[in-house]
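For chain A, the structure is supplied; the task is to place chain B on it using the hints.
There are 2 protein chains.
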Amino acid sequence: MSEETKHIALVCPGGPISRDLANKTSEIAAASFGERAQLHFHPQCFVEAGHFAGSDAERSAAFLEVANDPKYDAVWFARGGYGACRLDDGLFTKLNATAHEKTYLGYSDAGMILARLYQGGIGKPVHGPMPTDLARPGGEQAIARALDFLVTGGAETLEATAKSGGKTVAFNITVLSHLIAADWAPDLSGHIVLLEDVSEYLYSIDRAMFAILSSPKLRHAAGVKLGRISDIPENDRPFGQSEEEIVAYWCARAGVAYLGRADIGHDADNKVVPFGANQPS
Amino acid sequence: MSEETKHIALVCPGGPISRDLANKTSEIAAASFGERAQLHFHPQCFVEAGHFAGSDAERSAAFLEVANDPKYDAVWFARGGYGACRLDDGLFTKLNATAHEKTYLGYSDAGMILARLYQGGIGKPVHGPMPTDLARPGGEQAIARALDFLVTGGAETLEATAKSGGKTVAFNITVLSHLIAADWAPDLSGHIVLLEDVSEYLYSIDRAMFAILSSPKLRHAAGVKLGRISDIPENDRPFGQSEEEIVAYWCARAGVAYLGRADIGHDADNKVVPFGANQPS
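Protein chains in written order, with my numbering: chain A, 1283 to 1563; chain B, 1283 to 1563.
For reference, chain A alone in the conformation it holds in the complex (with noise of 0.2 Å):
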């Protein structure tokens, strides 16, 4: 375990913060690695422009400058919200050998720039929790694991697929769909591919589920695994199959093996998923 200091800006790609968020995540850093851990908000993570934590010109200006600087060691993501497709498409051209080093950390929204990053060998994208999920029930332990992450690279912070020995990632079901369409999803082939959703009627999961089950990117992957869907809402009618019935259907359809659960999603066990081959444990 390493005992350097490990220094973390914080940016917000889609939503704003509260300083009292960032007050809070702070001090459970101190609390658990003291000087280890140098939490770093970018302004950015506090303005307020709409929906959103600023235009998408600061938003932009605000990652660019994190990733490009020497003195972060990682790029921590501190909420999701919506907005990370609307950064400047030209930024991920414009990231140097820095940028190209560090470690993104991450999920739902923020995804859209992990895609991005994997998609184009950049850096190390890795889907887990934010500062934003203290607000969740439990929420302390998602920051505390995303820290000591962060931190040591524990290996007790890591979903278990993501001890195999195989390529992983790991998306927002929603945001996946999206990236695919927008041609800013990486290739899958290879990967097993772990999947989460918040808040989405079922009838949207199993449409997202064709979407991408259908898409080429998908066709040579090793499987899929499905984290948690949580708060479902309840439509008019009931949709007839649960969401785990959705994803094995839909990989059927593909031919792409299902592989059962996966222990990730928008709750204070999200665990972490570091993008790409890993070593087994």
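These are calculated hints, taken from the structure and not from any lab test. Take the hints with a grain of salt, since some may be wrong.
So the derived list for chain A, only partly shown, Cβ under 7 Å to chain B, looks like this [stated by the list, open to error]:
| # | residue |
| --- | --- |
| 1 | 1367 |
| 2 | 1462 |
| 3 | 1463 |
| 4 | 1464 |
| 5 | 1489 |
| 6 | 1497 |
| 7 | 1498 |
| 8 | 1501 |
| 9 | 1521 |
Facing chain A, according to a computed beta carbon distance under 7 Å, are these residues of chain B, among others [unchecked claim]:
| # | residue |
| --- | --- |
| 10 | 1304 |
| 11 | 1333 |
| 12 | 1459 |
| 13 | 1460 |
| 14 | 1462 |
| 15 | 1463 |
| 16 | 1465 |
| 17 | 1489 |
| 18 | 1492 |
| 19 | 1493 |
| 20 | 1496 |
| 21 | 1497 |
| 22 | 1515 |
| 23 | 1519 |
| 24 | 1521 |
| 25 | 1522 |
Where is the CB? At the ideal position from N, CA and C, for every residue including glycine.
Chain B alone, transformed into the frame defined by chain A:
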């Protein structure tokens, strides 16, 4: 104006309809067109299986049966809802010479089928009202318009863009974003693309427009026109842009012309948009 009788078969690729709705639609047809409009509701329209008008196999078989039957001049989708993307993927290769000559009319979820037909050069896919629109205020007008198109091909039923002499398609925004991801969408180069939606948050519309306009399928589109986005739910914070600003924003980013408003939507005014090249009026 042709005086021959048109035989119109109705099926439900997504959700079911009631016999009452079928009867009312037939009454409108009889009152307006007498013997010239013969509606044939397939029994599958009334089957209920969970969310759907029968199992995927039942819905697929009913569609294939009426499409391939030479006694019908047109297939009219009686309702959208959700489920057209679950039809047997292989059925589009089983459509016979008769099916290749027919008109197919519907919209919303039925756009999944219109896209596949258009991609395959099969028949005449047309975006327009369905019997289920009877439940909307002024719905009888919508049904009468669709019948007028099917029986007489009346030019006054058409959306203005469909009389411009250019190539035109029309889609529900959410459906099109999923079609593109699934690689079911036709190449829309040279087309004016008319878009509409219902009951989606503005951030969902924005995300879908990101996906649609980032896609290679739209890269060489002749332009985009926005129909109506109705019943937009209120979000916890205002999005900060109108639906027209959203569409114009993504068009500008993609370098695709935004050409203004279109007269389509989930409402009684929904005009008819035949896919493909049209004759200037």
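Hints and how they fare:
1. Among the interface hints, the one on residue 1367(A) holds; its C-beta lies about 5 Å from the nearest C-beta in chain B, closer than the 7 Å criterion.
2. The interface hint given for residue 1462(A) is met, as the beta carbon of that residue sits about 4 Å from the closest beta carbon of chain B, less than 7 Å.
3. A distance limit of 7 Å between C-beta atoms decides the matter here; for residue 1463(A) the minimum to chain B is near 4 Å, and the interface restraint holds.
4. With its C-beta approaching chain B no nearer than about 4 Å, residue 1464(A) sits inside the 7 Å limit, and its interface hint holds.
5. Here the hint on residue 1489(A) is kept, as its CB sits about 5 Å from the closest CB of chain B, short of 7 Å.
6. For residue 1497(A), the interface hint holds, since its Cβ comes within 7 Å of a Cβ in chain B; the closest pair sits about 6 Å apart.
7. Because the beta carbon of residue 1498(A) sits about 6 Å from the nearest beta carbon in chain B, less than 7 Å, this interface hint is met.
8. Taking 7 Å as the C-beta cut-off, the interface hint given for residue 1501(A) is violated, the closest approach to chain B being about 10 Å.
9. Evaluation of the residue 1521(A) hint against chain B yields a held restraint, the C-beta minimum of about 5 Å falling below 7 Å.
10. Interface hint at residue 1304(B): violated, since its Cβ lies 19 Å from the closest Cβ of chain A, which is beyond the 7 Å cut-off.
11. A least Cβ separation of about 5 Å between residue 1333(B) and chain A falls short of the 7 Å threshold, and the interface hint therefore holds.
12. Taking 7 Å as the C-beta contact cut-off toward chain A, the hint placing residue 1459(B) at the interface holds, the least distance being around 5 Å.
13. Interface hint at residue 1460(B): satisfied, since its Cβ lies 4 Å from the closest Cβ of chain A, which is below the 7 Å cut-off.
14. Using the Cβ-Cβ criterion of 7 Å, the hint placing residue 1462(B) at the interface with chain A is satisfied: the shortest such distance is roughly 4 Å.
15. A least Cβ separation of about 4 Å between residue 1463(B) and chain A falls short of the 7 Å threshold, and the interface hint therefore holds.
16. The interface hint given for residue 1465(B) is met, as the beta carbon of that residue sits about 6 Å from the closest beta carbon of chain A, less than 7 Å.
17. Hint status for residue 1489(B): holds, given a least beta-carbon distance of 5 Å to chain A, under 7 Å.
18. With 7 Å as the threshold, the beta carbon of residue 1492(B) comes within range of chain A, its nearest partner Cβ sitting at about 5 Å, so the hint holds.
19. Hint on residue 1493(B) holds. Least Cβ distance to chain A is approximately 4 Å, under the 7 Å limit.
20. Residue-level restraint check for residue 1496(B) holds (minimum Cβ-Cβ distance to chain A is 4 Å; threshold 7 Å).
21. For the restraint placing residue 1497(B) at the interface with chain A, the shortest Cβ-Cβ distance is roughly 6 Å, inside the 7 Å limit, so the hint holds.
22. At a threshold of 7 Å, the smallest CB-CB gap from residue 1515(B) to chain A is about 11 Å, leaving the interface hint violated.
23. Interface restraint check: residue 1519(B) against chain A, minimum CB-CB distance 6 Å, threshold 7 Å, status holds.
24. For residue 1521(B), the shortest C-beta to C-beta distance to chain A is roughly 5 Å, which falls under 7 Å, so the interface hint holds.
25. At a threshold of 7 Å, the smallest CB-CB gap from residue 1522(B) to chain A is about 2 Å, leaving the interface hint in force.
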